[in-house]
Amino acid sequence: MSSSIKEFQSKEKPEGYYKKLVNGLSEVNKQLGAFLNINETIKDGFPFSVKDNLCVRDVETKAGSEILSGYIPPFNATCVERLSSSKFSFLGKTSMDEFGFGSFGLNTMCVAKNPFNTAYVAGGSSSGAAVATSILKYHVALAESTGGSISNPAAFCGVVGFTPTYGAISRYGLVDYANSLDKIGIMARSSEDIRTVFDIVKGPDSYDSTCVGIKFTNVNNKKIFLIKQLLDATDEKVRSEFDKLVSKIREMGYSVEEKSLEFIEKAIPAYYIISMAEASTNLAKYNGYKYGFKNENFSEEYNRFFTESRSKFGVEAKRRVVLGTFVRSASVKEKYYRKALKVRSLLIREIGKLLKNGFILTPTMPITTPKIEKAVSLTPVEAYRMDILTIPPSICGFPHVSFPYSYPNGMPLGAQIISDHFNDYALLDFVKSWETSFRYKFKYNIGDIR
Amino acid sequence: MKIGLEVHVALPTDSKLFCSCKAYSEEPNSSICPICMGLPGSKPMLNEKALMLGVSIAKALGCKVPEKISFSRKVYFYPDLPKSYQITQVDAPVGHSGTLEADGVSIGIRRIQLEEDPAKIIREEEYTLLDFNRSGVPLVEIVTEPDIKSEAILRAFLTELKSILYYLGVDINKEFKADLNISVAEQRVEIKNITGTKNIIDAAKYEIERQNKLVSANQKVPSETRSYNEAKMITVPSREKESDEEYGFIYDPDLSEYSTASIKAKKAVFASRIAKEYASKYKANAQTLAELVLFNRDALEMIERWKEKYEMKALIGSIELLEKYGIMDINERAMARLLDMVSKGSYPDKETLMKIYGGEEVEAKQIDIKLIDKEISEYIKRNPRIVEEYRKNPKAINFMVGEITKKYKVHPRIISERLNLIFAGK
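Those sequence lines, one after another, are chains B and W.
When you number the first sequence by our numbering, it's gap-free, plus one each residue, and the end is 450.
When you number the second sequence by our numbering, it's gap-free, plus one each residue, and the end is 426.
Isolated chain B, as found in the complex (with noise of 0.2 Å):
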């Protein structure tokens, strides 16, 4: 699949191009939710959407959450303004679950729907992001993953997602769900149109410290692991279509070998206090009195006031606050954040130490696409536990890229493939090359040019 980036810039635009653009995906946004707002002043450059945790100057940015409505940043995020300057325009902020809190794009007002059937969900957290690439022909999606939230929708709407290597591109502009996992990424229909983005967005950013000048490497030894605890927890529906990419992939000339880590299952737990005890302290800063949710009861004293502000989170934000204030909490604070963080730095060891002879291959997610009202009856617990085969990356900030692979019953599958730190360009070669032989599908193609 080539780089439809190239093939729009080369194409005449007919009259009123945009415009029609805009209308179009306007109407089918009323179906599927994908847009939170759409720019309709858009009248050159490639279109580029941002998830609604990203800062766009001058529009309305909530993370997906009211307690942020009004919320107007008087900034660009250091992704989006390098975009903007490099013949690309900004058409629209994308819906996402509260702060990124959620696998399934539920947990948030504008509930985003899968493109191939509206009975479906689209994913998440960057559902909005996953279902705008799906749906529009020549597009890029800027998005953003804690836990998976990139991979996970993209593998639901049939859409490639790249998320980079932790600290690779600035997160200056990013409202925070937990720092040390937050990663922005991009999701687009081709693993060439993604290059070009992440060309122009990588790299470091005097406003933010995280985000290193290091060297990218592009090393390919032509050797899949499989891990054995991640195949485990896929179902059979899934696992079956797995089987038949892997051996695809053996066509392609590479070696698969399958490894046993037991202590992957670990990286869960580790993952929820972590970006629990992030989160908690990120969101003590929505108080009702500053941006976005004004509390005008000023002469209320203190605590009945910032209570009665923060009653405006969600009830999975709420349930984030709480947990992860307890686990950082002095008492108890040995037992899980310091614990989790030491489960960090051992799974970073032991999967790099694999990551330096191979990559790792995984389904994306377990699970084939959920109906919207059987995810809507997961418990919290079972719900985080469809993060299992997106968290071992996300928690060690290796690079991963989800690509569709197939379409069983008309519903795309992804699956993911995880390589070592600053090692991203060799995951996007990959994607390539598995491109030249599987063509994805779509089932529209707004702003088609003919």
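Since the hints were derived computationally from the structure, they do not count as laboratory data.
Some hints here could point you the wrong way.
[What the hints assert, rightly or not] So the derived label-pair ranges between C-beta atoms look like this:
1. Ser89(B) - Pro28(W): 34 to 44 Å
2. Arg319(B) - Ser259(W): 48 to 58 Å
3. Thr307(B) - Lys205(W): 36 to 46 Å
4. Ile200(B) - Cys33(W): 24 to 34 Å
5. Phe298(B) - Ser259(W): 37 to 47 Å
6. Phe298(B) - Glu186(W): 39 to 49 Å
7. Tyr289(B) - Glu230(W): 23 to 33 Å
8. Gly70(B) - Tyr76(W): 19 to 29 Å
Positions of the beta carbon are idealized from the N, C-alpha and C atoms, including for glycine.
Given the structure of chain B, go ahead and fit chain W onto it with the hints provided.
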């Protein structure tokens, strides 16, 4: 009795600790940005100058400086805290385990940490205002061990610390802010948020007395947090703030670890130690010398430059004189003339001093001590009650000293010395 201190000192950097806003601005809310306002999406960036100063202070106080330092978030809800957490240091602060020598007593320094100041709250009767200019101003918090055992040592410690900070360039005419921990008996009482050296000492004085009274009356001293009422000069119980349990410290994941290896720390100057050494080596009054150099780098520089060449007493007298008229750039030849005059007991007035400074030759006359003694005796004869008044209050003679100084252009100290002799002789 045990006293421990937590002293907060604002650092004299151009910009704030985590953003490029000016650290000190007058017009309220004129020096603010998305970072120090805690706007969603913004991230902190460490001011390297503040880190350098923090490390310099740590090294000056003999602290161990970790190879890598880190920052933590201290979470609490208060209107002056834009992010509802303060970025501070917990696990790897800029320094720990140091000591400071004050009046011959060694005071342990538990830790020194860098942190951001919250915004300023201005309370009016009908409303409250917030000035975010102060939000993000770099602070250093110096935490001592409870090694201070008297009010005198507390005073000496504060003076010594101030002098060390002054020579490190940490001198922005901002008063110390401190929390005091005082336990006369077993229970510890914390007095929060005292501003200014004088108030710190007064608060300690009051609190020691208060606790002593309770102990003598066989009453328990409750462990509590108190605050100092400056107007009434008393301490009163205050609202309990959050404990460490509720602060829930975690690493600040927006800030990486910072290596201290390549930091060029400023060299510390221990003026009180130098004063003590020179006083004994060059036969001068230690206290006079200390008072001259503790907060005056020009004076110390002149002492260093001329200490071998001239008599220390005359040198001190000359520098005091120069300081009085704000002259700190005198050349060698003029200085030699001034020293010649002062060592002969003369005390030039402003006019004469400016002549010397300007390079003119001024004749240095030897002061006739007998004449001074005679003048003093006559003064006493005219005002016989002065002796009695002097015994009650030594300041009573100031007027007389002033008069004679003017008349004979003699150093006031010489007159004081003669007076003491004469009074002692009677």
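- request: Of all the hints given earlier, name the ones this structure violates by number, lowest first.
  value: The structure breaks only hint 2.
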